[in-house]
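*Asks:* Following the hints, put chain E in place on chain F, whose structure we already have.
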Amino acid sequence: MTASLVVFGANSTIATEVARRYAPKNGTIILVGRDPDALARLQADISARSVGAVHGIVTDLADSSAHAQLLEQVKSFLPSDAPVHALIAYGTLTDEAKARSESDYFEAQMRTNFLSTVHLSQQLANWLDAREDASSLGVITSVAGDRGRQSNYVYGAAKGGVIRFLEGLAHRYAQRKLAIIDIRPGFVDTKMTASFKKGPLWASPEKVATDIAAALQAQKSTVIYTPWFWRFIMLIIRHVPTFIFHRTKL
Amino acid sequence: MENPAGTQTLKHASWGRAHATPQTLLPTDQRQLSELTEMPPPLLGYGLGRSYGDSCLNSAGLLLSSKPLNFIRSFDRETGMLRAEAGVTLATILELCHTPNSDGTHWFLPVTPGTKYVTLGGAVANDVHGKNHQRRGSFGCHVKSITLHRGNGEVLFCSAEQNAELFFATIGGMGLTGFIGEVELQLMRVPGLGLEVETQRFNHVDQFLALADESADWEYSVAWIDCLAPEKELGRGLFGRARHVGAPIKEYRLNPKIAVPFAPPICPLNGLTLRAFNALYLNQIRTSGWVKSSPDYTSYFYPLDAIAGWNKMYGPKGFFQYQCVLPGSGAMDGIRQLLLNIRASGQGSFLAVLKSLGPISSGGMLSFPCEGLTLALDFPNKGQKTLDLLASLDEITLAKGGRIYPAKDGRTPPATYRAMMPQLEQFTRYIDPRFTSDFWQRMQSDTEK
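Going line by line, the protein sequences match chains F and E.
Take 192 as the starting number for the first sequence in our numbering and just add one per residue.
Take 73 as the starting number for the second sequence in our numbering and just add one per residue.
You can take every hint at face value.
Straight-line alpha carbon distances no greater than 16 angstroms define the calculated EDC-like cross-link-like pairs of lysine to aspartate or glutamate that follow:
1) F:411 to F:324
2) E:139 to F:397
3) E:216 to E:237
4) E:304 to E:278
5) F:398 to F:380
6) F:266 to F:324
7) E:364 to E:270
8) F:216 to E:167
9) F:382 to E:101
10) E:139 to F:208
11) F:368 to F:323
12) E:139 to F:380
13) E:216 to E:256
14) F:368 to F:324
15) E:216 to E:233
Calculated from the structure, these hints are not laboratory results.
If we strip away everything but chain F, and leave its shape as in the complex, we get (with noise of 0.2 angstroms):
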């Protein structure tokens, strides 16, 4: 039976473009974003490219106390036997000078990319455990928790609590149906970093959804580091000793 995807933070570029690699194989496909014109214009688009169910929900994802709600909703448009790919792929990149002197900015940042996230992944996990069928639950984290570094730690360490959170579910699931997918972009072109000047190391969102596509198919429990060099360049950095790494402004 063709899989099902659930699209937390669809209207971001990389979860759009996601959501276009499902199409054409016209399963249901679920899209979860907070901006309603936004998603409609999504919901308008994935439609026109699938002929299975599309379907859109409006909400705050950074609210954990409108997940099980939401839960329930994402349920009832389901079909009951099909196997389900989850995606969480909301965030939002945090100004950092912001954070360090705006105590409510700073919960919020870390509210949206930490809190609210991990709580929403163990509830997929709660569920998704229960069903009959195998799920892949892959969530969007970053190369910037790999390492807290002076220049982005407060985004970094709520991606980073992220990874070691997704660590935990793999392991708690390692013999069970349910794929736990730690997804580690580098640098990507996407409407978070259009006001970056991009380099040789930037990745196409397009490039970034076809190998998320492809581990949430699998169904394995791994990490992914998209494009594929990011796992060495970060396996350097997590491995430079802390004298040499405090002298740089990495």
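*Replies:* Just chain E now, with coordinates in the frame of chain F:
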């Protein structure tokens, strides 16, 4: 006025890579469109930059890149009517066509150029045509409506019934009438995505017309000719004809197989290599008569798309494409003259494409196709030598009452193009005052003091 945030610089923003002035690109989404009046003029919409010359360049101002406007609005699988934002590519539309209809038929692009990597906006702005012009006309014939964003903030719905003059000015109007935001396109129903193809070798271009006549009830027909052939085999080539059949879809690759990473420091394509390539290509068919094959549609329609960045193979100076159409009964004589001229110059291209174009018109004011024969070829940019050759080809085209294709052109003098296209004067009235392109600047360069 300052450039808005988020602009990028791009060199070689047109496909021939012979025009190298760096361009300033602004990724344009719905928000940017709503702020159009605040953008510093002059402006020009930009798709995937597959135009060869300067019609997609705007060195004096901003290129509004339609890449973020890549959402499909609706696709009615009963009627085949597609409505989409102008940044949606023909490649994406083809993906939609893979799902069969309930009766086993498929939808397909009614007209497709030689690459699927063009945007809807670009296809309309150049009124592109393909191998089935005699039966289906050009792209504009299948466009039901265009949503046009003018530089003064107006958003106009244009069709044959509403804002009709602007509609026909925009088809083939090279983006000069404003920013194309959305397009409604009627797709064509076909029995399947399989193709039945027949190819025949001919030993002189004179044989082309008879083969074209014989193939009148095939959907697609085109000839690849060897423009470097010896004179007694002038314009020898392969004539191919094709039609859709209800065969199962063959395995195919959506994306390029190999990529050319950078332009080699000198152009490896010279007389010897081209001659050898052409001879090898033609020798695929050594028997007489029609040879059958059933390729998948991507290798039939888009052979060059398999090589990402093939245009870089022409080296740092890039290349010029030359395409003209010669009308009426004198057309074949004109084609012969063009080929003799090219032969004599010693400059040549990989295969040249020779097609018949029919009388169906989209009504686009500056639309290129007209009934007759069209020849298209590439020339490595050898500087003045190449420009002189192209000027001599212009003379033949003009003498035969034909015209060149601005999507391919980057150097025709304004007086020549004006002589070829008297419609240019009428078209001028519809140009948006805040839009321009390097092509248009070139067209006005002889009126400047």
